[in-house]
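**Q** Residue-level listing of the chains:
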Amino acid sequence: MKKSISIMLTALLFVSVLPGCQSSGTNPDVIKIGVFEPLTGDNAGGGELEVEGVKLANELFPEVLGKKVELVIVDNKSDKAEAATAAARLVEQDKVNAIIGSWGSSLSMAAGNIVKDAKVPAVGASCTNPQVTLNNDYYFRVCFIDPFQGTVMANYAISKLGAKTAAIIQEVSNDYSVGLASFFKDSFILNTGAEDSIVDTENYQTGDKDFSAILTNIKAKNPDVIFAPGNFTESALIIKQARQLGIETPFLGGDTWETPDFLSVGGADVNGAAFSTFFDKSMTTTDAAKTFLSEYEKKNPGKEPAAVTALGYDAYILILDAITRANSAEGPAIRDALAQTLNFQGVTGSTTLDANGDAVKDAVIKTVEDGVFTYLDYVAAQ
Amino acid sequence: MKNINGKTVLTLGVIAFTLILAFILNGALDSYVRRILNLCAIYAIISLSLNLVNGFTGMFSLGQAGFMAIGAYAVAIFTVPAELRASGFYLEPMMPLLANIELPLIAALLLGGLLAALVAFVIGFPVLRLRGDYLAIATLGFSEIIRILFTNMQSVTNGALGIKNVPQLSNMFLIYLAAVITIALLHLLLTSSYGRALKAIREDEIVAEAMGINLLKHKLAAFVISAFFAGVGGGLYGALLGTVDPKNFIFTLTYNFVLIIVLGGLGSISGTVIASFIITIGMEWLRFFDEPLKLFGIEILIFRPGLRMVVFSVLLMVIVLFFQKGIMGQREISFDMLRRIPLRFGKRREDR
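The listed protein sequences correspond, in order, to chains L and G. Residue 307 in the working numbering sits at position 307 of the first sequence; the count goes up by one each step and never skips. Residue 1025 in the working numbering sits at position 25 of the second sequence; the count goes up by one each step and never skips.
Each hint should be verified, as a subset may be incorrect.
What the hints assert, rightly or not - Covered stretches of chain L, as calculated for chain G (at least 3 residues, CB under 8 Å):
#: 1; stretch: 74-83
#: 2; stretch: 107-117
#: 3; stretch: 130-136
#: 4; stretch: 176-187
#: 5; stretch: 290-303
Bear in mind the hints are in silico, worked out from the structure with no lab data behind them. Keep in mind that this is a model prediction, so the values were computed, not measured. Heads up, the beta-carbon is just placed ideally off N, CA and C, and yes, glycines get one too.
Using the sequences plus the hints, can you model the full thing?
**A** Written out as structure tokens, the structure reads:
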């Protein structure tokens, strides 16, 4: 018995050494782009969607400067320590020229110092926390950051819905939700000119199911709009329970709402909920968007591309564009080219990177109509 | 001194060799390998702290993530350069009392350890009266409470946004020095009369009490010391990553360390250290399962991201099935044992 086990283990060792030999050794004719994303663990869903976009872009544009582009995809297990190791592996072991990733701002932040020290530029697809790129010359992103999104929704509430007062429900353990809520608040107070225009701020924890206490408080304050950015399941439950309590106030949120689960959990109650996002199918203003949509349709018939998939695609083509402009695949050269990105035409519209490396781009406002996400409005970048 | 004999010299020699090796490797290795080896040592420190409570004292505690969080936040709050703090705390400014206090890393590590120990002392009194599953639930609850507290203390911890720009620690020598000190102190503790009392409590609480061992006092001591090392380990963990946020310290983090001590052997220092290295290096080494593989020109479909986790789980099951007490059980690697290895093989041959 023991013998067979040891034979099995030895066999496993041999099998494992084989592919290990193949991958080592750097090839000067290949440009490597590392992708570190959560492919297992809590955030696997989001990571998978981004990788989908990156892979699609790689199939369509497999070459730059006459060299083949190779993707090195590593899993970061939705774990911060693992994200840092994965990034270190990409820069040290695989010697990648640039990095894409990661879904989840805290995972991206864990890789921040590593890409900075190794002088390998990284482009985040959907990490919206301002701290990711702050004080880091080598981190960029193709999505807009929380402050802009918060401002967009505040302006929308005031100008389009004529709101004078608002209540905020934030997912307090989620950096994204807290950041967005705070910028919404600042912008709303600034634009209405009234300190007390935010009538209530309520907190909940990720995973909460019952929101009646929060909603009863809000009902008593009777705000004109409720801003509730956060995880889609909890947000959908909040809206559902609000309607059950007889609250007819319109709900506003952020880009995380744009998932099928939001619709299935919320049902008819989420009709009319509005949120800001990066991309809409009907807004195919750029050539890249047309290519992306038709190719995506070909690969996944009948499936709607997620905004993060489009962003993953954009991150890839932006890096390729930067390599072409720099005419070099050296880290610092790509970095300089990325920093000068001006009106880059991606799937999610025209992108300009500011001094921090954050994308300045237009936002789309969508709503739910009869159980489908529909285009509502368009807010130009400031 | 009478007790300096060959073994002590040999032990000191091994310690010196480890530290010199760490010092040399620090310059020789690339940052990827260095990071993994650093993580091994940090995980060893935290796992040892957990083993002191779970393996040596026979209590079942799951609060390590909470103690780590205290240590990590102590390092994050006090070592970030004061001028970089405002840019991170953009939702709510940092508490003015803390905003300008800057501590060197070692002071912050010790502070984190002491704070964790203090918290352990305070919660230890009520909680350590519980046994078995109840203690596990109470400590698990404690670690979640710590995390939620940190999420809500916006002006101290920056809430859910976390703290960035923690000066990075990548010096292998320092981390291995911390690991060696931890091992040495725990070894001294466990071979002292206190350590024997702890083991007695593990074997049978009633008998231990009948022999005159003050149960609460000894359990509390083990719990507090464990929290101290977990705090220091958490601080090193935060410094290695360079960023800290509450989601990092979700209770599943503790399971990593439970896994390590079960695999290494509940009640074995050397087993814990070995298991920390096996698990941490193993996770990285198995990464090739995530890469696409072409054998004889055919792409094998199951080689895709996520496969390594499957393989890892299978390996763990194999180990748990065939080494039910972990790799080392309750034994330790000692010079006597190493000397006996050739003898043992000789004996086996005779048996046949």
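**Q** Are there hints from earlier that the structure breaks, and if so, what are their numbers?
**A** 5
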